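Peer 1: Produce the entire structure from the sequences given, and follow the hints as far as they go.
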Amino acid sequence: MADTRERIVKRVAKFFKDGDLVNLGIGMPTMVANFIPPEINVMLQSENGFIGIGPSPEPGMEDKDTVNAGGAFVTILPGGACFDSAMSFALIRGGHVDATVLGALEVDEKGNLANWIVPGKMVPGMGGAMDLVVGAKQVIIAMEHNNKNGAPKILKNCTLPLTALGVVKWIVTELGVMEMTCDGIVLRELAPGVTVEEIQSKTEATLIIPDVIGTMED
Amino acid sequence: MADTRERIVKRVAKFFKDGDLVNLGIGMPTMVANFIPPEINVMLQSENGFIGIGPSPEPGMEDKDTVNAGGAFVTILPGGACFDSAMSFALIRGGHVDATVLGALEVDEKGNLANWIVPGKMVPGMGGAMDLVVGAKQVIIAMEHNNKNGAPKILKNCTLPLTALGVVKWIVTELGVMEMTCDGIVLRELAPGVTVEEIQSKTEATLIIPDVIGTMED
Amino acid sequence: MSKIKTLEEAYAQFKDNQVIAIGGFLAVGTPEALVDGLVNSGVTNLTIIGNDTSYVDRGIGRLVVSGQAAKVIVSHIGTNKETGRLMHTGELQVELVPQGTLAERLRAGGAGLGGFLTPTGVGTIVEEGKQKITLNGIDYLLELPLKADIALLKAYKADKLGNLVYRNATRNFNPLMALAADFVIVEAEEIVEVGELDPDAVVTPGALVDMIVKA
Amino acid sequence: MSKIKTLEEAYAQFKDNQVIAIGGFLAVGTPEALVDGLVNSGVTNLTIIGNDTSYVDRGIGRLVVSGQAAKVIVSHIGTNKETGRLMHTGELQVELVPQGTLAERLRAGGAGLGGFLTPTGVGTIVEEGKQKITLNGIDYLLELPLKADIALLKAYKADKLGNLVYRNATRNFNPLMALAADFVIVEAEEIVEVGELDPDAVVTPGALVDMIVKA
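In order, the protein sequence lines correspond to chains A, B, C and D.
Just so you know, we're using the working numbering here: the first sequence kicks off at 1 and counts up by one.
Just so you know, we're using the working numbering here: the second sequence kicks off at 1 and counts up by one.
Just so you know, we're using the working numbering here: the third sequence kicks off at 1 and counts up by one.
Just so you know, we're using the working numbering here: the fourth sequence kicks off at 1 and counts up by one.
Misleading hints may appear alongside valid ones.
[Claimed, not checked] 30 Å max Cα-Cα, derived BS3-like pairs, lysine-lysine: (1) D:3 - A:137; (2) B:64 - B:202; (3) A:64 - C:71; (4) B:17 - C:130; (5) B:169 - B:17; (6) D:132 - B:156; (7) C:130 - A:169; (8) A:17 - D:157; (9) B:64 - C:160; (10) D:5 - D:160.
Please keep in mind that the hints were generated in silico from the structure rather than gathered at the bench.
These numbers were taken from a predicted model, which means no experiment stands behind them.
Peer 2: In structure tokens, the structure reads:
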């Protein structure tokens, strides 16, 4: 399980370019920060109000005023900048965030995303997710390929209430890397040992299989 | 002429209450600052981006970064606050400015105001005037009662392109003080030596004459 | 007239049925002493505007638990189980608003705007009951301004005129609520003399602040 | 990759037909060295967005006098007689926008909003050609976002990541243009090391800035 998640977040971290401003969602996406290549400078935004998320503080060094959007204690790096929620979402909605990484409950062939509500079961609220996926230049979904019951999460059509229409660009799971295109979902990379047949069998949507498929490096 | 203007701005200064945030227009309205009673604390906003306009600097002490909305060198008082133009007009449009004092080309019985353009002659642009008169809690017009040709400026209907509809609350001229009400323009004060007949003869709009008319103190 | 007041003077502002905007994000940047007073006041049928309902024992969450909130307008309730429970029993009305839209609605309310067009929420249940406007082929929702009777803010430093600076992640919704409320009460960690704050570093001008209490 | 560039590298960004937003209010807070470069570049048919056309010999006014501006989108032209003259001869297109609306249009452009409703301009010639929307009995104009290809900003201090602070009245439209332009060039009076600016005092985050030149 830990390996699965580590494989996913390591791959996600390779999407970033030097100078990118990136917003990482709560949970697995937050772990991406640990694998950003040291040779590039990526700034991390915390939508509760700053740019420049640094490492977690040492135990006992927590600062009550310095948390990320999940409420976890963090630090602010030198060169950071603080702002209010309107500015934070001006950055997000205005297309100034180069990439956002989020989990998903469901994604479909049209790039639709459902990741905020399971009616009658889980109604946490959308927080900043709806703005993030509409505003960020690239929406990268980092998730396990299937749900706890083994059912596909990459569907022909989402069944849960949507977070947004047609916003997903990349899907990274432990099985491979998929790119959303006008024609549908293209399989770009397979994890070592995973076959086209296996990933398709675990996916409800029909994957488009190009001539060349890369290997999702470990 | 100087006496006329001084009479007007001295009277205008009496409208303010302790703690008021006030925006003074260019020209005669700017002079109001010199007559604010010392026992009250009035903050002056400069819509180019700060609160806390202080006195003009001593000659040689001008600061290139510190001007009012007319481009004149000013100072910023201790306790001042600087902001961008969006915040400046959030304060203005949002009703956080207690009073604005502006000149006028024409005012009419419905509180309509024309003070920004004379088609074919003078097209300076509205600057911040349209926002100020729509947003400020009280719009106080400080002007000479008649124009250079002796023609009335307080009309039944404005003839020039409007700055805004129905926004004027008070009109202060060298002849008297008038209040805009639902019923029309009520004469509240007369300058010493001015009669009801005189001020009405110099006004196209029909003034409403209450039982008690105060004296516009000198 | 001094804006610096006792907590009791601040608490005297609370009344039943008020719309109260409370700063903070998961209770970071929430004025807890003012929330204490609100809880102890026992005023009821409140509408609370904030980013989230935080935790059962911190910030806005306490007003959910106490039953004083009849309605919350927030972006997130997942960290406070009591909010979800009371929503399901019908005892609490919950209006969920995307976080960026919530920030912008408060800003619009404070800036005298009649509303704004946002692409956020198009094609989702957020668009229910809202006017949709299409410009240049792009769909937008017309979102409306939010205002409050009272704002309760947390500042790092306030000068005696009410100029405010915030620290790190505590700023969040506080400056927007300063614009959007008729009456603004600030709980400051430190109150300094006029002139001690650099005018360029002030985030909320004192003209927006009615009362200051010491945290 | 360093954002700190020479003036020549900055000037190389200028091309015919660009929409260029230039900070400043009556040329206070205008990056004059960048305007020098724009004038000397000879690029033409520009649309210039700014508060005003300042004076014939300062700031945006110089681009009016040089004839490089085909259009200006501003709130005021009264301090530059050449603007009025060229407008009357038809050589210069002038779009006059109320100052608060201009600020908000730039902010909307930079914040991904599709427009906003403002009461400013209702009942005046400003409403010509615009959609009017009535909500709760109040008329509003639907005003649309403004964006620029390039923003030319003046800052007091920039750190090497492009975080900016402004001084006194120079801030004005600069932070809004930083949001509203595809490419942002800053002329800073002083360039400092990363870490020298207090994160709470930064007004424009470096993430918005592409190039920094020394004033």
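Peer 1: Determine which of the earlier numbered hints do not hold for this structure and return their numbers in increasing order.
Peer 2: 2 and 4
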